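Student: Using the sequences and the accompanying hints, generate a full structural model.
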Amino acid sequence: MPRPFITRGNWPLAQPDVFGLAAPIVLGTFDSVGTTGTGAVPGIRVYVADPPGAVRYLFSLFTLDEISRVYVDGVDTAGVGWTDLTPLIVGGCDYSAIEFATDPGADVAITADVVGPLTPGALPCAQLAFLLDNVVYGTYRGTALAAAPLDRSAFADAELYLAALRAEASFYLGTDPVVGFDLIRDWSLSTGVRAHWTEQGLLALLPDDHRLGLTYVEGHRVGPEESEVNQRLSLQYDGANLLERVVSRFLYQPAEGSYFFTLTVQETSLGEVGQEQFDRPFSRGYAT
Amino acid sequence: MSETIDLLPEAESDLDVCDGPDSSNPPYCWREFRPTGGAPSIIDALTDGNAGTGIRNADFDSPTYNGPFGLQGVLCEALDVPDDATILGVRVIFTLALGEYSVTPAVGECSIGRNGSSAAKAEPFFVSSDGAPTITSDFTARGPGDKPEGAVWTPGDLGASSSTRLQVIFGTDRPYCIITSCLVEVDVDALAGVDAGVEAARAISSLHLRQYRRLLPILTLTTSLRRGLSARMGDLVRVANEAIPTADGLGAGASPWARWLGAVIRKRIDPSAGTITLTLMGRSHYLVRLWYRALVNLSGIANLEGVARILTGQTWLFTRAGAAWIEDPASGLVIAISGNAPKIDAGGHLIERESANLALNSSAADGIGSVWTESAGVEASTDVVLFDPDVSAQSWLIPTGESIAQTLTDPGALSPSLATLSIDVRNVDGNPGTFDLQRGVDSKFLRASDRTWQAGAQSNPLTDSAEAWARYIVAGFDLGAAPGALTLAIESGAGALWVAHVQLELLPWASSRIVSHASAVTRSADRQVASNDLGARIWPADHGTARLRWRWLFTAADVAGYAFTLYWLDYGADSIRVYYDGTSGELRFVRTRSGVTTTALLAVTPPVRGAAIDAVFRWTGEAEEQGDQAWSARVFADGVKGEAAVAAGAPLESAASTLEICSGSGGWLDGAIEYALISPLVLDDATCERPD
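Chains as they are written, first to last, in this note's numbering: chain A, 12 to 299; chain B, 875 to 1566.
Listed next, the in silico DMTMM-like pairs over lysine to aspartate or glutamate satisfying Cα-Cα at most 20 Å (straight line):
#1 K1141(B) to D219(A)
#2 K995(B) to E1023(B)
#3 K1515(B) to E1460(B)
#4 K1515(B) to D1558(B)
#5 K995(B) to D1012(B)
#6 K1318(B) to D1352(B)
#7 K1141(B) to E210(A)
#8 K1515(B) to D1455(B)
#9 K1141(B) to D162(A)
#10 K1141(B) to D249(A)
#11 K1141(B) to D1109(B)
#12 K1515(B) to D1122(B)
Everything labelled a hint here was simulated from the structure, so no lab data went into it.
Predicted model, so just to flag it, every value in this text is computed and none were measured.
Tutor: Structure representation (structure tokens):
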């Protein structure tokens, strides 16, 4: 999926070790208070003044709503020693970055708790649409210049369904290149909502809604016409993925590179038929 | 995240519009309340000691608090709390001054309702002397004023808009009684942070598990473009064709309810052939309003680790005042859990009524010598323990021929007087110990074999635990109406005996362990409810199936006269009650519509403590599903199908209602839930007799 990379052309004062990294993207809130307390999102050292002076750290492509706290080696700076440069426009793109007047050191980890775009309500579907609009189909700006071919109605329906499940999301797209399809797959794993193409060529979301009422509508009645086509109707059973236990990991903190919470649901009556574990990169990024 | 919102009176100037007793004024003498923190507040005026200010009963001409006149009330600020919040408490706390013309005693009512509605619930108060007593009227357990008694509070009941906000009304039978301070306390537990993340993860993971826990039926259907094009991805379709396998072997039927139910998961168009191929995934097992798997083997009460649960967005609430003790499903140790935490025990989710342990220092938590009398050689064992060390770090190790004894507090007059003694013991060499229980009224001893009282010590043999902990139980013996002080002695046999816990309770079965210290401890009753309000009902009105699988805590012969609730829905005049009747030994599915009660029942295998039962309750609508008459109900239990009971229609739902699960209507399950399910589908006989 297209994303600006950190290149010497755009960031001439960066050190070579960051060249080639994709610009990270933060959506929703990442807050380490209540978990590690050492900053949830890593900063990338993209500007080192020469002679030594100010140093800049990049947190996200696009404009973050707020950089709440900055940590130096896991210690909260209490807002001292740095300034928020957001929005920092480089190569025509908006970035969120901070500047230290004095270099904390090349080997010092700079992290932050941040509030990214699409935080109100932390809507998972809106976040996926944002990425598809602005990155996969877009031009890397804060507003959608090229609208993705999305079934907006289906996105809205799926959002209501996820709200009923109390699903909220924060998302951190790291510095490794990601294929757009993988993004959608990760989102689907996180939410349990599947994506599909419609006959109109739009990408739609399909929640498997267990809440449906049951009215006995006429539905499809298969008559002789269909029988002639299909010969005989029979049920096939898919037994390849039988499960007795599902383990999901959530509350991702990119700076730690790990998830902090794991929840298992199980059905002990089935015996050892299988377990599935999945990470939910689109999940809450804060515990407080 | 739990917070308490205190609502205090609004501006002091509000008093100006109601500055004294005035029979023409009272109905309009409302006070506006708002969340605390704002200023100024008339709380100062209310507490200034001036009998002329405050909230008065102005109906001095007709000292009654019935009817609209003479009432004084307050309107609360509209509270907009998150939809997924849980309301843990609603209380009105007020101080009453009798005023210069008032006399004692003063009686009255504090009522709670909604702005614009006459429906209210009232809590009486009584003031026996002069002074300014502070009175708390707790409406938590009673529910909102406009819902049935005992309904669960939901965020919507707090009134998100000014037209539906809470109102509190006071009335007394004495003129010039004055409310000098008042606040409405609302405890809100809003899901936030990790809790919200956990519940979202549980919902998504549970749906995944529900989908892939059994073989998924897939139907591939090729049909004409004309028919197939209208089917969109995800659409639910019902297919009728005699070639589709069904439990009755007749194929998916012509009746709409009998058609095979699937969802479109793939769609392939072949323009050249003029056909469209739909791949349908069976959906019958997936449509649930409630799915709850409470039998787990993981630790983690706080997060309900292991528990799968699917709901439709309603409030789900466990409540219990105070701590309880359960067997941790993973470690097997008995652990303590705090109030309002569900009792996810190794045997399932325990729902029990209140019970007290009359034995003191029941678990050696205070040391082996506290309260108990020991003979020589009795030791504290810290390496052979039943409890988590945070509950009790030791057990009694009684060497051969030694004993421990305790004289219990006289329980006084008893009615009923059935009791149960349980002792957690462990022995290693096939030599279980013995016990004696003596009552003070006649100095007789309990003979456990026939549960009678005999002259002379009985030395009742305890369970041979075979080198593991075992809970010895003698249930349902009659202490007598006034047994006097009870003396319990436990003696080892030919080998050493460990004792971890002793419990004597006034129930005809042994409930979960109750850890006492220097005084008797009462474990409060459990309550488990879910909102069943309009728009998000769990219990389908017209047709559906409910299942419950649980383990009994009692044995049939002991529980005549008791009722054990499985499900309870109070719609006001109409209701649905599902319970086990201890007298008749029947499961009963009782539906009340317009005062007419219809009961489907089924006698079940007499309960034995620890045994499980699988019960299914099925009701039909006007479509006459599964061949039963319209509006009929049946009970299935462990493969046995009961007779249908036919009603004139479904109970009429009230707009707001609460589904009580294994508590309510004066009963409790007194058992451990393993599995609960409620579906709008009317399952066929084969599934009900052998539920999946």
